[in-house]
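Asks: Line by line, the protein sequences give chains A and B. According to the numbering used here, the first sequence is numbered sequentially starting from 37. According to the numbering used here, the second sequence is numbered sequentially starting from 271.
By construction, these hints were calculated from the structure, which means they are not laboratory data. Even glycine gets a Cβ: it sits at the ideal position worked out from N, Cα and C. Be a bit skeptical, because a hint or two may be false.
Claimed, not checked - What follows is a list of derived Cβ distance ranges for each label pair:
(1) K198/A with I401/B: 55 to 61 Å
(2) I392/B with D161/A: 53 to 59 Å
(3) A259/A with G283/B: 42 to 48 Å
(4) F138/A with N290/B: 41 to 47 Å
(5) P480/B with E207/A: 49 to 55 Å
Stated by the list, open to error - So, partial list: chain B residues that the calculated Cβ filter (under 7 Å) puts toward chain A:
(6) D482
(7) R483
(8) A486
(9) A489
(10) L490
(11) G491
(12) A492
(13) T493
(14) G496
(15) P504
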Amino acid sequence: MENPDLLEEKIMSTDPNPAASSSAKPNSLGDISATRQANRQPGNRPLGSGLEARGIHAWFGKNHVLEDVSLDFAAGTVTALIGPSGCGKSTFIRTLNRMHEFIPGAAMAGEVLLDGKDVYDPGIDVTKIRLQIGMVFQKPNPFPSMTIGENVLSGIKLAQLKVDNKDDLLEECLVRAGLWSEVKDRLGAHAGGLSGGQQQRLCIARALAVKPKVLLMDEPCSALDPGSTLRIEDTIVELAKNITIVIVTHNMQQAARVSDYTSFFLSDGGPGQMIEVGPTSQIFSRPVDQRTENYVSGRFG
Amino acid sequence: MISSALDGKMTPGPREITSNPRLSDKFFRAIVTSFGFSALIILTLIGAFLAVRGFQIFKSEGLHFITGFKWDVTIDDAGEVTYDMGIGAMLVGTILISTVALVVGVPLSISVALFLTFYAPIRIRTFLISIVDLMAAFPSVLFGLWGYFVLMPMATYWSKLLYKYLNWIPIFDAPEKFFERSPFIAGLVLAIMIIPIVTSVSREVFAQTPLDRVQAAYALGATRWGMIRTVVLPFGTNGVIGGAMLGLGRAFGETVAVYTILNLVFRPNWHILYGAGGNIASLIILKWGEATDLETNALLAAGFVLFLMTLGVNMGANFIVGRTLKSGK
Ligand SMILES: Nc1ncnc2c1ncn2[C@@H]1O[C@H](COP(=O)(O)OP(=O)(O)OP(=O)(O)O)[C@@H](O)[C@H]1O
Ligand SMILES: [Mg+2]
C-alpha cells in the first residue's frame, strides 16, 4: 500500500460515519470499530512517534517468509495485524524493534523508520531503539526472581535511566496498565504469584516504564481469559492516547474493538505478504481485496 | 444376541496386561540391571570397609579423633602401645585449601561458562569446550608439578603482597614470613583443577535459561551483560552453587596435587599464606608406606571421614542442580 492512500484513509478514519455502516450491517465488526473510533476524544493530540516499514523482507536461513511489506503507523494510532497462522505477522513486528536478528540464521531487508530515522542504521545504538519501541509478548514473561515493583522498574535499571521519583513512576505505569488497584498492597511480592492476566498487565507496565514511543504487542491476550482480555483491551485504548501501538491478534472482535487501522497478512504457500491495510471499519465491512473479505468473514483461515 | 450379552451385566475386572519376555531379553535385562546397581554396591562396600576397619580408632579416640591434631604412636620398652591420633589439623587444612579453591575457581568458571554460552562464536565454543573437558582428564600429578615449579614462584610473590596489605585480617596473617608451600598455593592449583566440572555444570544451567525471559530483557533495551545480570545469573544461581559443590567434593579428595605442593604439618594452621597445612587425603598418602596395623586402621578411619564429607557435599550438589533443571525457576 502506498503512502498517499494511507494518508487518505487516515483522514477518513478521523471522520467515521457510524450511521451509514450500522444501517448497512448491524452488529458487524465494522460497527464496533466505528464506535471505538467515535469514542476517541477529539482534539487529543496524539503523542508517540510515527513508525514506517518500507519494503520489509525476512528470511529464516534460506526460507523467505516475508515479502516486501510496507506499512505506515501514524503517531498515536492503533494498528491491528491479522492473518492466518504462519503468515509472518510475528516475524514482521519483530523486525520493527530488531528482535528478529536474535534468531540464528535470520535475515531481513528493507527499512524501518522511526520518526524518519532508519533503526537499522549501522551507527545507531540498538538498545536505544528497543527502549523507544517496546514489546509485549504472547506469553507473559515477568522476571520471576524480582518483585512486582522491581519488574516494573527493571527496564529503568537495565538502561540506567535517571528517574526523579521511582515510586511515582511505578504507580503511574501500574495505573496505566490497569493493575495498580490489584497489586498496590503487595509491590514487594514476587511476580510469579500473580495470575496470568495480571502477569501480562505487569509486562505492559514494565514496557511502559521506559516511556516507549511505540508499543508492539504480539497476541498479548492469547493466553488469557475473557475478563483479563477486556481489561487489557481497555488498557490499549487508554494507552493509544499517547503511544503508537501495533498489535497482532487472531481475534477479529479484538481488532475491531481496539484498532484504528487493520492490516491483513497472508501467505499462499510462499512468503507472507501484506494484502491490504485500511481503517478497521472499512476492512471489516467493505474490504477491497476478495481474500481479505474471505478471511474476515470467516470463510477461510 | 448383543443385547442379551449386555443384559447379563457382567462387568469384567481390569485385565492384567503381561507378556512373557523372551529369554534373551531377560538375560540382557539382568546384566544391565546388575551393572546399573554396581556403582551403588561398590560405593557401599567401600564405605563399609572403611567404617569397619576404622571402628577400633573411633571407639578408642572418640571425638578426639576429629579435634585432636597429633599423630603419635609410641611403643615403650615393655611393648605397650600408646597412641594419640587426630585429624583436626588435616581437617582445618582441607577446609582452607578448598575454600581458596572455590573462591578463586568458581568466579573463573562462571566467566568461562558465560563466555562459552553467550559470547564465543560457535567454532571457538566447540574448541574451547573440548579443551576444558580435556583439563578434567589431565593427571593431577602434572597439575601438582606445574604448581610447584611454575605457579609457586609467582604465587609466593602474590602471597607477600597479600600479607603486606591484608595482614590485619587474621587469615592473611602469618607467624613467620614463610610463604612457600602454603594452603593458598595448593588452593590455587585446586582452583584450576575444579574449573572443568564447575564450568560444565554452569554452562548446562545457563543454556537452559528460558528464552522468553532473555527476550524480555533484550526488548527492554538491555545490553548483553545487562541481560545476563537480570536473567541468566538469577536463573543459574542454584546450578552454579551445585557445580561449586561438585568442585568442592573434588577439592576435598584431591591428593597428589596437594601432596606435591603443601608443607604437611601436624598443627592446625588457620593462616592461608603461611607454608604449613594439612589435607586428609595427603595425610593418608604420607603415612601409608610405613604404617603399622594400628596406624593403618587410623588412616582408614580418616578415609571414612573424608568419604562422608565428599558424599554429603556431592549429594547436596546433585539435589541443588536437579532442582534447578526441573523447576525451571
Ligand atoms: N525461529 C524460526 N526459525 C525458522 N522459521 C521460523 C521461525 N519463526 C518463524 N518461522 C517461520 O516463519 C513463518 C512466519 O512465522 P510467524 O511466526 O511470523 O507467523 P505468524 O503470522 O506470527 O503466525 P502465528 O499467528 O501462528 O503466530 C512461518 O512459516 C514459520 O514457520
Ligand atoms: Mg505469531
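Asks: State the violated hints by number, sorted upward, taking the hints as numbered earlier in the document.
Replies: Of the numbered hints given earlier, those the structure breaks are 1, 2, 4 and 5, listed in rising order.
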